[in-house]
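Starting from the known structure of chain U, arrange chain X on it as the hints suggest.
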Amino acid sequence: MDINYTPEDEAFRTEVKAFMEAKLPKGLSDKVKAGQKLDGEDFMLWQQILGQKGWLVPRWPEEHGGCGWTPVQVNIFDEEAYLAGAPRVLPFGVNMVGPVIIEFGSEDQKARHLPGIARGEVPWCQGFSEPGSGSDLASLKTAAVRDGDDYIVNGQKIWTSYAHFSDWMFCLVRTDPNAAKKQQGISFLLIDMKIPGITVRPIITFDGMHSVNEVFLENVRVPAENLVGEENKGWDYAKFLLGHERTGIAGVGGCKAEFEKLLEIARIEKKNGKPLIEDPLFAVKIARLEIDLRALELTNMRMLSGSGTGLNGAFPSVLKVKGTEVQQRIAELQMDAVGVHALPWQQAAMDPAWNGDTVGPDYAIPRMPAYIDRRKATIYGGSTEIQKNIISKTLLS
Amino acid sequence: MNFNYSEEQSLISDSLGKLLSDGCSQATRRSLIAGDQDHDPEIWSALGELGMLGLPIAEAYAGVGGTAVDTMVAAIEFGRHLSLEPFTASVVLGGGALQLAGTEDQKNAFLPGIADGSKRAAVGFLEPESRFDLSSVATRAEPDGDGYRLSGRKAAVIGAPSADIFIVSARTSGTASDPDGLTLFLVRPDASGVEIKPYRFADGRTGADIVLENVPVAASDILGPKDKAADLIEHIADLGTAALCAEALGALEKIIAMTTEYLKVRTQFGRPIGEFQALQHQLAEMMIDFEHAKSLVFEAAMTADSPDAPIRKKAVSAAKVYLGERGRVICQNAIQMHGGIGMTDEYELGDYVKRVMVAEKAFGDTDQHLERYARQMA
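Read top to bottom, the protein sequences are chains U and X. So the first sequence is residues 1 to 397, counted in our numbering. So the second sequence is residues 1 to 378, counted in our numbering.
By construction, these hints were calculated from the structure, which means they are not laboratory data. Each hint should be verified, as a subset may be incorrect.
[Unchecked claim] Here are the simulated BS3-like cross-link-like pairs (lysine-lysine), alpha carbons at most 30 Å apart as the crow flies:
| hint | chain 1 | residue 1 | chain 2 | residue 2 |
| --- | --- | --- | --- | --- |
| 1 | U | Lys261 | X | Lys228 |
| 2 | X | Lys197 | X | Lys119 |
| 3 | X | Lys264 | U | Lys181 |
| 4 | U | Lys270 | X | Lys228 |
| 5 | X | Lys254 | U | Lys388 |
| 6 | U | Lys270 | X | Lys197 |
Isolated chain U (complex conformation) (with noise of 0.2 Å):
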C-alpha cells in the first residue's frame, strides 16, 4: 500500500495542467464556474477537444482510441478537469454505449459509432425509462415488431436526458412480450432520432432548467442491423452498462470542484463580523462533509484499481449511493452558506444571454436551483432505494 502519488502521476497531472490551461476556452470555463446555463454546443465543443486531443474515452481499449491511463490517472484527468472548470462530459457515448458497442456489437456498428463518439462529434442520448417503468425498468413496454429487414418501433421513453440535441439514442425495447420472465423480451436498438416517426418534448423540471424530456416513438423503422448483440439479450447488455454508468456515477472530480467553490463562498460570506468558514457551527459541517469526500474518493479509486471486497458487482452500487449523498450535500451546503441571499429566485439570470440586473452576490444566484437540481442525483441511474436492494442482494445472495 502506498497512498502517494506516484512520480509519473504528478508528471501526467502537470501534463494535464498544462492542457486545460491552453486548450479549455475562458468562455466555457467561466460559464461553468459562474454555474450558467450549458446548451449543446457547450458540451460537445468540450468533447470535441478533448477527442482532438484523443483524451475523451480514456478508458477504452487502446485499438478504439482509449489511452491506457492507469485508474490513477483516469481520476487525476476528471480532477483537473473540473477544478479547471470544464464542462462534465456527456456519459451516454462515451461510458455508456461506447463500451456496450465494444463489447457486444457488430464490427459495422464499431466501425460506424466508435469514431464519432471517440471524437466527440455524436451527441447521444439514453432511452430508458419509461412512464411506468422507473425503478422497475424491467417492465418497460416500448414495443419493437419485426418487419422485414426493419424493427418498427411504438413507445414512449421519459427523463431522456439531453434528446433534444442528440443525434442518436440507445434504446431498450421490448421484443419479446411472452417471455418468460420480463427481463428476457428486451433488445438494445440503437436509433437515429432524425428518423420519421420521433417527438421530443421537453420537460422543464422545477428549478426551472430543461435537460430531460419525453420522446414519443410512433411506428419508428429502425433497421434491424442496429440491434446491437442478439435480439432479447438486451437486459445483460443493459446492466452491463449500468455497471459502467455508476462508476462515473461518484463524480468524485466534480464533488472536489464543488467542494472547492463551497470554500471559496465561505471565506467570503461573513457571519458576526467573521468569515463563515470561521464560524463553529459551520466549520463543522463542512469538516464531516470533507470526510466524507475522502472517504468517497478513496473507495472510488480501491474500486477502480480492483481493490475489491465481498461486494464484488455490487461495489458500484455503493459508490453510486455514496457520491450522490456528497453531490447533495456540497449543493446543499453552498446554499445555506449564502445566507439570505439564496431568497431571491434569480434563475433567469444563470442564463448567459441575459442582461438584467441582479441583487446579491453572482455565486449565489445558482445556489437554490443548484440545490433543487442535484435531488434527481439519487433518482437518475438507479435510485438509492435500487441500489440499496442491489447492495443487501449481493450480500444475502
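For chain X alone, coordinates are given in the frame of chain U:
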C-alpha cells in the same frame, strides 16, 4: 393545556381553507406570477371581508383582536394552499410592528387600512451584509433638522413591491452589530431617495431589496423607542417567524398527503410502491417528524405574543430549528419517493418544497436560531 382549535379558530380554518382552495390553484398562482402581480385582488378583498387581514389587529383599529394562535391557524391554511397573498408580510409583520409599538397616530394611519386590505405594509430588517443577524444594521439615520436622513440597503423584504409603507431598521447610534443604537422608521415607498429592486422568492412571493439614499423621514416616523429598538425588532421578527413556521407546517402536511397518495397509486414491480418497507419507513419517519414539528409550531404561536422574551425566543427558535432541519428532510424524501415526477415543474410538489425552503431561510436560518436558542440557555 389545550391544543385544540376553539370554535372561532375552526371557523377561521374552514372558511379560509374554502376560500383558498377555490381561488388559489396552481394555474392562478402561475398567472399572477407571469402577470407580475403579488396577489389576486379578488382573494385579497375576500380576505378583508372575512376579517382575516385584521386577525391580529385590535378592535379599536378595525381589527378582530385575535391572538397569535388565530394568526397561526390562518397561516397554516395560507401555506397549505400556497397562497401568494402577502398576509404574513403585511398583516403579521407590518400589522404586528405597528400594533406593538405604534403611536395612536401611527396606528390610526395604517392599521385600519391593513385590516381591510386597502393598505399593505412590509418590514425590512435584514441587509445584504447582515446574514441573519437582526442587530447587524449598517443603514444609518443621520439627524437632519427635525427629522432624519436614511441611507443603506435592506435585503429580502417580503411583500415590498406592493407595500404602501415600509418599516425599516436603521442605526441612530452605535456601530456594526451593536444591539444598542437601533431605531425603527416608517418609510413611504414614494419618498425621495427610495429605490425598490423587486424580485420573487423561490416560492413565487414578491420581495425586494430596498435602497435608501438620503431618504428624508420625520421624527414622527420613528416607530417605538429611539436607539433601543433591538428587543422590539426581535419581537416583530418572532411574530413573522411563528407565522412562517405555520405556513411551512401547512405546506408539509400537503407534501406528506401527496406522498402518501403517490405511494398508493404508483406501481412498480407489480404492486403499489407503498408496499415496499423501505418506503413505508420513510413515510412513517415523515409523519413522526411532522407531528413533533406541529407541537413546536403550536407552542411558538402560544408564546409569540408573550412579552417574556426568553420564553418567546426559545419557543420560536425551537420551532424554526425543528422545521428547518426536519422540514428539509421531509421535502427531500418526498421528492425521492416520487422519483422523476417529483422533479418536474409541472407537478405541484416542487411548489410546496419551495414554500418550505423560503420559510426555512426567511428571518433566520437553522444555525441562526440554534444559536439564539443556545444563548437563552446560558
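In ascending order, which of the hints set out earlier in this document are inconsistent with the structure?
As far as the earlier hints go, only 1 is violated by this structure.
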